[in-house]
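Build out the structure end to end from the sequences listed, making use of the hints.
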Amino acid sequence: MSKLATELPAGPRVRLVLGSDDWFMRGFIALIVLYLFVALALPLYAMLSKSISTFRMDLTQFQFQVSDETGFFSGDILSADELNAAVGAYSEQELNVGSGGRLSATAFFPDFSFRSPVKYRVRGVDDSAVFLLGSERRTGPSWVELDSNQFRRVVLRPVTSVGLDNFKRYFSTPSLVQSIKNSLFIAAISTVITVLLAFCFAYALNRSCMRFKGVFRLIAMAPILVPSLLPGIALVYLFGNQGLLKAVMAGESIYGPYGIIAGSVFFTFPHAMLIITTALAISDARLYEAALSLRTSRWKTFWTITIPGARYGLISAAFVVFNLVITDFGLPKVIGGQYNVLAVDIYKQVIGQQNFEMGAVVSVVLLIPAMLAFGIDRIVQRRQVALLSARSVVYQPSSSRIFDRFCLLYCSLIAIFILGILGICQFAALVKFWPYDLSLSLRNYAFNRMDGGGWAAYRNSIELAGLTAFFGTVIVFTGAYMVEKTQGFKGGRTLFQFLAMLPMAIPGMVLGLAYIFFFNDPDNPLNFLYGTMAILVLCTVTHFYTVSHLTAVTALKQMDNEFESVNASLKQPFYKLFARVSVPVCLPAILDISIYLFVNAMTTVSAVVFLYSTSTALASVAVLNMDDAGDVAPAAAMGMMIFYTNVAARIVHAGLSRGVLRRTQVWRHH
Amino acid sequence: MITRLIGKALTLGVATGAMALVTAHAAELTVYTAVEAEDLARYAEQFNKAHPDITINWVRDSTGVVTAKLLAEKNNPQADVIWGLAATSLLLMKSEGMLEPYAPKGVENLDPKFVDKSDPPTWTGMDAWVASVCFNTVEADKLGLTAPTSWQDLTKPEYKGHVIMPNPNSSGTGFLDVSSWLQLFGEEDGWAYMDALHENIARYTHSGSAPCKLAASGEIPIGVSFAFRGAKSKAEGAPLEIIVPSEGVGWDMEATAIVAGTDDLEAAKTLVDWTITKEANEMYNTGYAVVAYPGVAKPVEHFPPNLIEKMIDNDFEFAANNRAAILAEWQSRYDGKSEPK
Amino acid sequence: MLRTDDENPAFLKINALWKAFGDFLALKDISLEVAEGEFVCFLGPSGCGKTTLLRAIAGLDPQTRGTIEQSSRDISNLPPAQRDYGIVFQSYALFPNLSIRRNVAYGLENAGHSRSKIDARVDELLQLVDLPEQGNKYPAQLSGGQQQRIALARAIATKPGLLLLDEPLSALDARVRVSLRHQIKELQRKLGVTTVMVTHDQEEGLSMADRIVVMNHGRIEQVGTPIQIYRDPDTLFVADFIGEMNQVQGVAETADRVRIGEVSFNCQSHGFSPDEKVLATVRPEDIVPIERDHSDQADPADQGVEVHIGDMEFLGSYWKARLDSPRLSGSLNANLSMNAVRRMELSVGSHLQVRLPSDRLKLFANPSAVT
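Residue numbers (this note's numbering), protein chains in the order written: chain A, 1 to 670; chain B, 1 to 341; chain C, 1 to 371.
FYI, nobody ran anything at the bench for these hints, they're computed from the structure.
Just so we're clear, the structure is a prediction, and the values are computed from it rather than from any experiment.
Just to be clear, a hint being listed does not mean it is correct.
Unchecked claim - Label-pair ranges, simulated between beta-carbon atoms:
| # | chain 1 | residue 1 | chain 2 | residue 2 | range |
| --- | --- | --- | --- | --- | --- |
| 1 | B | Asn48 | A | Thr160 | 38 to 46 Å |
| 2 | A | Pro117 | B | Ile308 | 32 to 40 Å |
| 3 | C | Glu244 | A | Ala281 | 43 to 51 Å |
| 4 | C | Ser207 | A | Gly214 | 54 to 62 Å |
| 5 | A | Glu289 | C | Ala16 | 52 to 60 Å |
| 6 | A | Asp523 | B | Lys113 | 38 to 46 Å |
| 7 | B | Asp263 | A | Val192 | 51 to 59 Å |
| 8 | B | Asp313 | A | Asp111 | 25 to 33 Å |
| 9 | A | Glu69 | B | Glu108 | 31 to 39 Å |
Glycine included, every Cβ here is placed at the ideal spot set by N, Cα and C.
Below, the structure is given as structure tokens:
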């Protein structure tokens, strides 16, 4: 600094005059930053403030007067506070209540009897004091005079204030705190199992010469195409009391940790497998050649080369799985039984008890492990990328009969598990009345006769997925382009990068709840979005923003940085380059983003479960609600509809990619 | 496909704005309801026979969700009318000042039990929705279970793990069970009863109809649910017996109210007037054996005949005003108690 | 001939340019003038600031202080699109999804030209870079050298006043590099476009540029024609960086004499005071072997010194020999012609006399002697 200060002559820094392109690009960045603010930061802020908005009985607000036996009022006017101090009817703890809190007024009068001829007067000190006479709401400072029989119907209502009381209440409620332990337990166990299974699977795919690798890879990806609650339904049919394989459970119930873990392994498996496969694929074949020439045993090679080489992948997979499991809502909702976890607690607090404040508190609690897991994963990913760029010779496995057979057997078992889960759902969906009438029928597809939104929900889901894929891809890719290719404007770009990474750390339940608080506020000018398809699209795009953004950024980074310079030197507007070069070159990534958004919009439950309305009911939510209502087979049927739709979308995507690539990416094939 | 979707998205914003205008002119009402999905179309159709000029936009969900939604929208009500929501929920709305007091034309014809006690009343009942026990005879035979006849029977050790009931925290049916036991047995004995029952409960479901459906499918042989659901499952061919416990059964009403602050009070009044007519009550009778209009009810197929006399004298005010406290207590006693085995 | 003067005002005028990256100063007080039609080369080791200077001229990374004028117009704070130049990068930066024709035509579109006019211009340009048949291919189908020619064609398509070349040949292999060197130079001469090229390869600079700007640590070390830079380096850095240079410890004597080891030589006149420690420099090819039959004895007046060959390396057209001499207390590298080696029957261990011509012996301050 001192060097700079002494050498650099004084004077203003040279700043380039901003051209129209610069203004446009900066404007666009500002626009997307604004979008992320509205769609993410502000709702989260609304949620945080909700979690600290408390309800407390303010006893000084209420005043009472008691008459003599003839009904003549002559006694002192006493506030409820003074009365409580005298008789100790309610403890401090009891005065901290939820939004639904009610205190009976008779408790302030120990000698109260509803047969007594004594009369009572009650009033508030001002209009903010609310009490109920039965269920009638009264406010204000005019006396309400009641006989004893009426007076017993008087209950006091709390006032709002700000504080950490909700958190205190949360942590002093054992059943709620238990959920933290449960969630961590489930997530930890599922993580260990999934990573182990996925590693072996990826190892078999990468390091053996077994047959059917392509088929196995395809099957292993299938769980991504279904909502996370579908394996829960399948497990009921397999291991429930009327399950095909009930005997396996040896009297234990599938409802609870067993079910959640088994289902979690199913739906997180492809995520872990993808990450580990990538990690294994980048290890350097020359290391193995060196090991071979040194006559290192296979076992030792595995522990000294394979595992260290894949360590970042393993760690990253572990945290991704952990995050997926701990934030998942659908599966524990379906098969959790009495085993409470945080994500379901949010739902129960909000939907069951209408306790929005406590829902917000649980959301904040859930945010902590999710954010931690996300943060660690990011750090590890960065190291993995560093390894990736230094990649060298690709490992070519050599054939070994026993090992290959063993791998084939193992992968077959995993494939059977995955296909079995899907198959049992399809079977149950087609059976007339499980288990009493196993004849086939399409009865369970008569969704219009069930709760959950019927076939309209399915159509809505496709519409949501289409809109999300389209608008999401446009917003994400354009945003990533602007932030990658804009010169200067460091503050705006840094803010953008931060906001773009944030959604991944926010569990869907938390985002959905935050949206209620933010968009349902009547003072919010965006309130009109509430209950529309638009808010579902907004929420879903935001929920899945990060991965899409990273995909776009990776693709953009692979492009020559000097394109923009050349474009400017040729005096062409930036949008020409964008349309003529950047988009066509990145088309494979763009298509990947859109299919990613489409599939996730079809399967997501957690973010939208608070936001759908009757006219915008969704298939994934219908699966949940039908299962909820005991219509398990129709739920399975709808879940499989989602699966087939996603399979179809994938096929269309593959065809489209191929066609588009052939047309626009001729240059790649030469 | 894509262009269609874009077009749709572009019109979305416009449409939302336009909808508000349309509501004012051609009388469209946004009606929140928890009535079973398959009945809704029929209700609207019947109503439109009498009043073709008023269009109903249904917003339907389970009792818990609709209640949550209404409360969430307290300061910005989206609904004009509530038609078919638990009276306990409406009492909550009432205490928040969310309902428009209105005495519908002909309210004097209704059973006074079904009308809010305030004057003018803020809500009027439609039909009653009564707790019952669904009992799967086939599975019971396999397990060698005898049919229970009372609530107390359900605490017998032989039923351990064979009873399922809704979680009162999420299900209206679950709550009416709990509140009825507290009313039947008294506070202390009520909780003692639930402690004993808890030992036999396989798990608590989120929905009120799920226990009966699970009993119907044999997953759990005994489901504490409501009579209407049991009758339906039975009609679908489930080997069910619908048991009305001898101590008496809890119940709740489906009820109707106008949401304070509606854009079109006149149309809302027209709708509410119609919901208490005799023909409306006849319509309710297809699903519900007990309706608000005296003398209308005809027996419903598979419905237990002695159900009506077993309905307890329900104190809705008690239920509504103690709801938060009961649920908190219930939660601390039973929720999350089951550890990993 | 291309120096700027009052009659031939500078086309590009850089005045007191500074560039700071955080605390690091990448350019320090750079002032430079480039005449119209001149080919100037920024030469220096990596990190010397040459690319930074080029990017400042292009407006891609604006300078922190100072001004730049082009055609008497102050372009200091104009964005790239409002300046007037074409640019070619080391990476070619051809648009991979556009055909060669469309790459070349890219800058011609949206400029109000008719389709046929653009086509004609593209044909002309492809002809100019000697790739008339390749128009319908894609960049990936061409070799590196061909791609760079296309990049060049694209850069000059709009007839910019200034052509900027950022290490254009560095990604190519040696043979292609040499031939493209000539092509670019020829093209530049033909078009007469003012050109600034950045390179770290001195051979490239020497062979192509009208003038070379040698840079080091963010400063200009020397500006001059290739011959000036090579023959008469202003600084030890330039002497060392351009070509090969023997550096031996010496002690200054009189104004044009230096003592190396025990031997005293005439040298270029210098400003060192007597007995000051200096570095004496001489290029290997300037060391002349003296054939025996002319003189048996080394004659100091003849700038001769007796050496023996410590090592010889055959480099095709000449031999590089390490000449050791106890009298010089060090060794010198000399380039010996094939003829001389054959005639004098030189081999490792041979003794001979060499002459260090006085006008080729130049003194610099000895950096290690400075305390």
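For each hint, the structure was consulted:
In this structure the hint that asparagine 48 of chain B and threonine 160 of chain A lie 38 to 46 Å apart at CB holds, the actual value being about 42 Å. Roughly 38 Å separates the CB atoms of proline 117 of chain A and isoleucine 308 of chain B, a value that falls within the hinted 32 to 40 Å. Checked against the hint of 43 to 51 Å, the C-beta distance between glutamate 244 of chain C and alanine 281 of chain A comes to roughly 47 Å, which is consistent with it. In this structure, serine 207 of chain C and glycine 214 of chain A meet the distance hint of 54 to 62 Å, their C-beta atoms being roughly 55 Å apart.
A beta carbon spacing of about 58 Å between glutamate 289 of chain A and alanine 16 of chain C agrees with the range 52 to 60 Å that was offered as a hint. Checked against the hint of 38 to 46 Å, the C-beta distance between aspartate 523 of chain A and lysine 113 of chain B comes to roughly 41 Å, which is consistent with it. Judged by the Cβ atoms, the range 51 to 59 Å given for aspartate 263 of chain B and valine 192 of chain A holds: they are separated by roughly 57 Å. Distance hint check for aspartate 313 of chain B and aspartate 111 of chain A: the Cβ-Cβ separation is about 28 Å, which falls inside the suggested range of 25 to 33 Å.
A beta carbon spacing of about 38 Å between glutamate 69 of chain A and glutamate 108 of chain B agrees with the range 31 to 39 Å that was offered as a hint.
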